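> Protein chains in written order, with full-length UniProt numbering: chain C, 1 to 308; chain Y, 1 to 393.
These aren't lab readings, by the way, just hints derived from the structure by calculation.
Misleading hints may appear alongside valid ones.
Derived DEER-like restraints, expressed as beta-carbon distance ranges [said to hold, decoys possible]:
no., chain 1, residue 1, chain 2, residue 2, range
1, Y, Ser284, C, Gln184, 38 to 48 Å
2, Y, Ile367, C, Glu52, 54 to 64 Å
3, C, Arg57, Y, Ala206, 50 to 60 Å
Since the structure is predicted, the reported quantities are computational estimates derived from the model, not experimental observations.
Built from N, CA and C at the ideal position, the CB exists for glycine as well.
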Amino acid sequence: MIRLDHLSKLYSGRAVVEDVSLTVETGQIAALVGTSGSGKTTLLRMINRLVEPTKGRVWIGDTDAAKIEPHLLRRRIGYAIQGHGLFPHRTVGENIAIVPRLLGWREAEISARIDELMQLFDLDPAVYRDRLPHALSGGQQQRVGVARALAARPELLLMDEPFGALDPVIRAKAQDDLRAIQRQLGTTLVIVTHDMEEAIQLGDRIAVMDKGRLLQFAPPSEILTAPATPFVEALVGAAERPFRLLSLSTVDALREPGEAPGTPINPDTSLREALALCLWEGRAALPVSGGGIVTLAALQARAEGASR
Amino acid sequence: MRFALPPLSALSPTGLLFAATGAIGLWLPLVQFKPNRIVAGQGVDLIAALPGPAGWAVALGMAAILALGLAAGRGLGLRLGLAVLGLGLSLFALGLAARGLMPEGNRMARVSPAAGFWLQFLAFALMATDALARLRPGIRTRAAILAGAVAAGTGVLASGWLDRTSVMIEYAARAEMFSRSLWQHLLLAFGSLGLAFIVGLPLGIAIFMARPLRKPVLTLLNMLQTIPSLALFGIMIPIFGWVAAHVPGAADLGVAGIGPFPALMALFLYALLPVVSNTWVGLSSVSPAVRDAALGIGMTPAQVLRQVELPLALPVVLAAVRIVLVQNIGLAVIAGLIGGGGFGSFVFQGLNQTAMDLILLGALPTIFLALVAGIGLDLVIETLSRQKHRSTP
Numbered sequence: 001m002i003r004l005d006h007l008s009k010l011y012s013g014r015a016v017v018e019d020v021s022l023t024v025e026t027g028q029i030a031a032l033v034g035t036s037g038s039g040k041t042t043l044l045r046m047i048n049r050l051v052e053p054t055k056g057r058v059w060i061g062d063t064d065a066a067k068i069e070p071h072l073l074r075r076r077i078g079y080a081i082q083g084h085g086l087f088p089h090r091t092v093g094e095n096i097a098i099v100p101r102l103l104g105w106r107e108a109e110i111s112a113r114i115d116e117l118m119q120l121f122d123l124d125p126a127v128y129r130d131r132l133p134h135a136l137s138g139g140q141q142q143r144v145g146v147a148r149a150l151a152a153r154p155e156l157l158l159m160d161e162p163f164g165a166l167d168p169v170i171r172a173k174a175q176d177d178l179r180a181i182q183r184q185l186g187t188t189l190v191i192v193t194h195d196m197e198e199a200i201q202l203g204d205r206i207a208v209m210d211k212g213r214l215l216q217f218a219p220p221s222e223i224l225t226a227p228a229t230p231f232v233e234a235l236v237g238a239a240e241r242p243f244r245l246l247s248l249s250t251v252d253a254l255r256e257p258g259e260a261p262g263t264p265i266n267p268d269t270s271l272r273e274a275l276a277l278c279l280w281e282g283r284a285a286l287p288v289s290g291g292g293i294v295t296l297a298a299l300q301a302r303a304e305g306a307s308r
Numbered sequence: 001m002r003f004a005l006p007p008l009s010a011l012s013p014t015g016l017l018f019a020a021t022g023a024i025g026l027w028l029p030l031v032q033f034k035p036n037r038i039v040a041g042q043g044v045d046l047i048a049a050l051p052g053p054a055g056w057a058v059a060l061g062m063a064a065i066l067a068l069g070l071a072a073g074r075g076l077g078l079r080l081g082l083a084v085l086g087l088g089l090s091l092f093a094l095g096l097a098a099r100g101l102m103p104e105g106n107r108m109a110r111v112s113p114a115a116g117f118w119l120q121f122l123a124f125a126l127m128a129t130d131a132l133a134r135l136r137p138g139i140r141t142r143a144a145i146l147a148g149a150v151a152a153g154t155g156v157l158a159s160g161w162l163d164r165t166s167v168m169i170e171y172a173a174r175a176e177m178f179s180r181s182l183w184q185h186l187l188l189a190f191g192s193l194g195l196a197f198i199v200g201l202p203l204g205i206a207i208f209m210a211r212p213l214r215k216p217v218l219t220l221l222n223m224l225q226t227i228p229s230l231a232l233f234g235i236m237i238p239i240f241g242w243v244a245a246h247v248p249g250a251a252d253l254g255v256a257g258i259g260p261f262p263a264l265m266a267l268f269l270y271a272l273l274p275v276v277s278n279t280w281v282g283l284s285s286v287s288p289a290v291r292d293a294a295l296g297i298g299m300t301p302a303q304v305l306r307q308v309e310l311p312l313a314l315p316v317v318l319a320a321v322r323i324v325l326v327q328n329i330g331l332a333v334i335a336g337l338i339g340g341g342g343f344g345s346f347v348f349q350g351l352n353q354t355a356m357d358l359i360l361l362g363a364l365p366t367i368f369l370a371l372v373a374g375i376g377l378d379l380v381i382e383t384l385s386r387q388k389h390r391s392t393p
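Construct the entire structure; sequences and hints are all you get.
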């Protein structure tokens with residue numbers, strides 16, 4: 001669990017972050033969303049004290065972050081950023097090994113951990129371990145960056161626009177992988193993004209920030225259906241709202257008994273994709289593999305939730 | 001024999017340049033014959049300088065090499081071989097001329113290399129360099145070539161073939177002083193480099209970390225750099241003379257107005273700007289994302305500096321080593337003016353006595369040292385940056 005308690009940051013009297021309090025439960029993902037200059041990155045950097053708070057406290061579990069030496073605190077917290085920040089003069093393996101080495105792990109343990117993480121991130125250690133970062137693709141570099149952040153098994157992982165430099169296709173895959181790995185490891189994750197789509201896809205809760213203030217901190221469905229301020233509503237995007245709402249659930253949630261022609265779709269498909277399929281193929285219902293159907297009418301009803 | 005002129009496109013442009021240079025060299029006097037070491041001599045051309053038909057043979061041989069170099073399509077290895085042969089021929093001709101022209105028993109007369117020799121030598125040296133550059137040899141090969149060239153140069157001098165040329169006669173009279181000057185010269189160049197690093201590296205790190213320091217420090221060093229070298233060496237004399245006279249113990253440490261100490265200090269001051277500014281530039285060029293990530297995953301600022309920033313700045317810092325070393329090998333000549341020793345002693349003695357050969361005795365090894373240091377350091381820098389990319393597929 002991580003708790004931000006009335007956190008503020010002032011630069012020469014001007015508040016960049018103003019009185020933000022929020023709690024992220026263990027194993028949950030909190031997405032900090034806002035336009036540039038909203039203070040979301042500053043808020044994130046106050047958690048691992050890359051920025052020292054002017055006021056307020058950060059609690060990580062039962063520990064007051066201000067009571068630990070900054071570099072010792074940071075070794076307990078994973079950190080991954082846009083453009084990955086890999087050390088260009090160190091191999092992939094050496095990059096991943098940095099924090100375990102700082103913590104004084106035994107070499108055999110470090111080596112095993114490197115292989116384990118590389119496999120987890122779908123990078124063959126035999127091929128990539130001894131390569132330098134510049135010999136990797138953007139997507140691979142980004143995965144190594146996250147693997148490095150997770151190397152010492154931190155309970156908390158901070159990410160600042162980690163997918164910002166990736167193209168849309170790789171980006172979607174990276175988001176899915178991150179979500180899966182986060183669920184598997186049970187890591188608490190705070191991620192900064194300017195992309196509401198990404199926040200909705202990844203976040204268990206979304207914190208919307210503007211001008212240093214926290215406007216709303218709520219699950220995605222609530223952000224979509226009950227935006228706290230006009231700014232949040234604008235950020236969600238009225239035109240996108242029904243689709244985003246649909247993207248939160250899978251076909252399984254709307255499955256009803258019945259028969260429909262055509263190839264059955266996977267129950268894990270998002271409602272948004274199901275709607276797209278109905279519209280594209282001009283059908284009123286789609287069969288779901290494992291029995292049952294999902295109907296266009298049901299999809300419509302679910303999407304209308306947002307506009308009411 | 002009939003010559004058919006090749007079409008213009010078949011001519012190598014660089015070959016044309018080398019041939020023109022070499023041709024002028026063949027036409028100008030090969031050596032100067034002087035009744036003694038300080039009077040102006042009389043030029044003797046290649047044909048006349050060598051005994052009997054040797055002059056013609058050498059001239060034709062050189063002309064043939066230059067002509068072969070004209071054709072664009074020749075193999076680079078062949079070109080290199082021809083150029084080395086040309087270099088050998090010009091040295092052979094110089095030695096033979098000196099042997100033939102020096103009257104027996106006359107210890108006053110001198111035979112000096114003249115414009116003809118220098119231009120021939122230059123033409124073949126350029127030809128060799130050009131062929132080498134196009135061959136793109138690997139680092140090891142280049143290191144071997146450098147070592148080979150140094151060994152060949154030393155071998156030619158040690159063989160005694162050139163012993164009767166004027167510069168070597170000057171050398172024979174001062175062999176002991178020459179080796180002392182060599183060590184002094186190296187000490188001045190490398191010592192000032194070492195000092196510049198001991199002071200400049202921390203200073204570069206300091207202006208990188210403490211922004212407000214940057215401008216004043218770089219401005220001061222820039223100003224130092226603009227002082228003409230003669231003037232800077234001159235300024236050292238009263239300053240350190242005063243220090244030696246008034247600061248107790250300073251004189252015992254070697255501080256003096258003239259001699260190696262002020263020379264070392266002047267060279268050190270010149271070396272400071274490249275070292276400090278390259279350290280700063282190298283450190284500043286480290287990507288902010290890398291620095292941010294390094295701190296963010298829990299490195300202390302000292303660890304970031306040592307393990308990340310300095311290693312990444314290394315190529316730029318090494319570039320400073322190259323600049324400083326080559327610059328200081330040249331500038332160290334001026335140390336001769338204030339009694340600092342080194343090859344400059346010969347140069348300034350030669351200037352005083354209007355003895356060109358003595359000036360050359362100081363200038364030629366200086367050029368040689370600077371060339372070897374420059375090429376050698378290029379190889380080191382390249383090796384290091386290769387290592388950095390060793391795992392590139």
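> Now look at each hint and say whether the structure bears it out.
The hints, checked one at a time:
no., hint, result
1, Ser284(Y) - Gln184(C): 38 to 48 Å, "holds (41 Å)"
2, Ile367(Y) - Glu52(C): 54 to 64 Å, "holds (58 Å)"
3, Arg57(C) - Ala206(Y): 50 to 60 Å, "violated (35 Å)"
The structure shown violates just one earlier hint, number 3.
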